[in-house]
Amino acid sequence: MPHKLTLGRNLPTLTVAFCLWLALLVITGTIAGQTDYADTAWAALLYGAIDGVAAIAVTTVALLAWRYNRRSRFSIMVAFGAVAFAAGQLWQRSAPRWDWSHPLALVPHLLVAMLTLGVVIGLVTAWQLPATATRHSGIDRSHRFFWLSILLTGLSFLILLVTGSVVTNTGAGVACPDWPLCRGEIFPSMLTTGVMINLLHRFMTVAFGVLVAAVILQTRRYYLRYPLIARWSTVLGVTFVGQIIAGGMYPLLGYTPVLTFIHLGLSAAMWGSLVVLATVCALTLDTPLPAAEIGLKPEAATLTFKQKAGVYFKLTKPWIMILLLLTTITAMVIAAEGLPAMPLLLLTLLGGALSSGGASVLNSYVDSDIDQLMSRTSRRATVTGLVTPHETLIFGLVLSTLSFLLFAALVNTLSAILSTLGILYYVFFYTLYLKRSTIHNIIIGGAAGAIPPLVGWAAVNNNLELSAFYLFAIIFFWTPPHTWALALMVEKDYAKARVPMLPVMIGEKETTYQILLYSALLITITLLPFTFGMLSWFYLAIAALLGARFMQLAWQLWRNYTKATSRKLYKYSQSYLAVLFIIMALDRALF
Amino acid sequence: MLSFAMLFFIAATVVLAVVSVLLGHSLIRAYTQMGHRQDPDHHLRPSIILETVWTLMPLGLLVVLLILTYQAI
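First to last, the protein sequences are chains C and W. The first sequence maps to residues 2 to 592 in this note's numbering. The second sequence maps to residues 413 to 485 in this note's numbering.
Calculated from the structure, these hints are not laboratory results. Treat each hint with caution, since some may be false.
Mimicking SDA-like on lysine to any residue, the simulated pairs with C-alpha atoms at most 25 Å apart in a straight line are [to be verified]: (1) K510/C <-> R441/W; (2) K510/C <-> G436/W; (3) K510/C <-> I485/W; (4) K510/C <-> A417/W; (5) K436/C <-> Q483/W; (6) K436/C <-> T444/W; (7) K436/C <-> V430/W; (8) K510/C <-> A484/W; (9) K493/C <-> L465/C; (10) K493/C <-> V433/W; (11) K510/C <-> V475/W; (12) K569/C <-> T444/W.
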């Protein structure tokens, strides 16, 4: 008998059914045991039935492991670990001294049930892997950071599970009726036990979210060649987003059984995907990543602290940051109808700088494979090896997390949510998906760069109005002509890196026509704020002049395309946006 | 009697509508060209349905913006 247990084609189906059964056990057990639903007889009955069958199923898996897979120590250990967990569960249920009326009685029960689910999923996953996987020589050093990320994510999941269970079973949820803040603050002045439990659960959610992001980004950057890892990290990401939404529904809908069912079901799915990832890593990642992908150049070791700080600073793409902060300040000035309070302005700019820097660093981390193919980006520290990918990833995640915490704690919730959405949109939607898959990459992706004015507006007024959406739209429609002008200059680079930019896909002539049309849209939109009194004649006159020059350059590019005409438009469009926003701020402050 | 702001808005709306039609037309032309291209590299062959959705999104944003502006004038 080979190492791999062969049950024919039905094994995947059996695996899924078994895992679902165990997940159902966890969910119904929790619902049945909650004090709020103590009278819910159906849940108790269903739980009892499922519990019994689950115990038999776990034992059957262990016996199968013993019968067919006894040469694999891993299988035997894990299988009998599962039996031990299941026995622990049954003992706990029948122990006469166990006080089920205690609000914390269910917490260890849920934890052990989840561990049982984990070991069985791990075991079945191991059986699905090729026989060679079980003969591997250990995880290669180059994968240890990824492996550690998965282990930390799993550990933080268990802590999150315990804190979540305590929140649900002690009724502490009512202590913080709002979300994501608690009583409108990140640290409420009245720190009761209920509030502290809630805060711990919420902070663990942030930590878990950061770790999930780390796992997904590493997968997309290095592990797409491993289909199981790619698939299950996607499941992890999707279920985590669903979990955030479900968690956020509690304050709106209350602790209903259906919502608890969904919340715990998604928890079981996240846990399952983490276990699959951990098992696959442990049993298959025994060959090193290509040296070019993980290497640190020897000169990096000789860098002084100041030089290293300079390298990190450049990773944040400071020029882009300055432009984004300029749009944020303008939005704040317009929203406040003058200069906003200095502490608010400085905090918002600091949060914006962290957010923009974090997003840029994570973008460099993910894009380093295509950056090395393009001369424009080939000198980035992520390509030259002056920083390791791990350092880049940690740096980007730390900046992004600090940005969220700063906005949430010291500015307001809306600005924190908008800023975080901007980072997620840019890194996960634009960089990972749009950029490499559609000719409209920078049109739709341009929305990420248009979010800073919304953040600035929300920081001042804690709402969003038509004027804020105009600032958003101006940047949104400015991005295509600006970026396509650049793309025309470095078209061969994009083609080499297989990025479907417009000139690569539909040719130069058609791209210049698109630039002309998008420029017309942009210029018209920049004039409209005058119509409803957002800005005055002063702005209208200067915006019209600036726009006329923009259109002239776009027209020249269309009629007579050369590298020089595209460079001219690219350079002009950069200063155009900066000057336009400065004029807006002046107009609102002076008139 | 229409105010200057309303006249300006109507003129801008007409310009935006004309440019949007031209944009749609040019993209249909571009998709047709791409469809005829014998590109063995599947990575560089985008989905027409998705591209249409992405084309409509900015135009949707324009429509929403114009409606809100009309209400604000």
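Now the hints, each set against the structure:
1. Restraint check for K510/C and R441/W: satisfied, since their Cα atoms lie roughly 12 Å apart, inside the 25 Å limit.
2. With a C-alpha separation of about 16 Å, the suggested pair K510/C and G436/W falls inside the 25 Å cut-off, and the hint holds.
3. In summary, the hint linking K510/C to I485/W is not supported, as the alpha carbons are separated by about 39 Å, beyond the 25 Å threshold.
4. Proposed proximity of K510/C and A417/W is contradicted: the alpha carbons are some 36 Å apart, above 25 Å.
5. With a C-alpha separation of about 36 Å, the suggested pairing of K436/C with Q483/W is violated against the 25 Å cut-off.
6. For the suggested pair K436/C and T444/W, the alpha carbons sit about 22 Å apart, so the restraint of at most 25 Å is met.
7. Restraint check: the Cα-Cα separation between K436/C and V430/W comes to about 28 Å, which exceeds 25 Å; the hinted pair is violated.
8. Under the criterion of a C-alpha separation no larger than 25 Å, the hint pairing K510/C with A484/W is inconsistent with the structure, at around 39 Å.
9. Of the pairs offered as hints, the one joining K493/C and L465/C is violated, with about 41 Å between alpha carbons and a cut-off of 25 Å exceeded.
10. Of the supplied pair hints, the one linking K493/C and V433/W is violated, its CA atoms being roughly 30 Å apart against a limit of 25 Å.
11. As the CA atoms of K510/C and V475/W are separated by approximately 28 Å, the hinted pair breaks the 25 Å bound.
12. Distance hint between K569/C and T444/W is unfulfilled; the C-alpha atoms sit about 31 Å from each other, more than 25 Å.
Comparing the model with each numbered hint stated earlier shows that hints 3, 4, 5, 7, 8, 9, 10, 11 and 12 do not hold.
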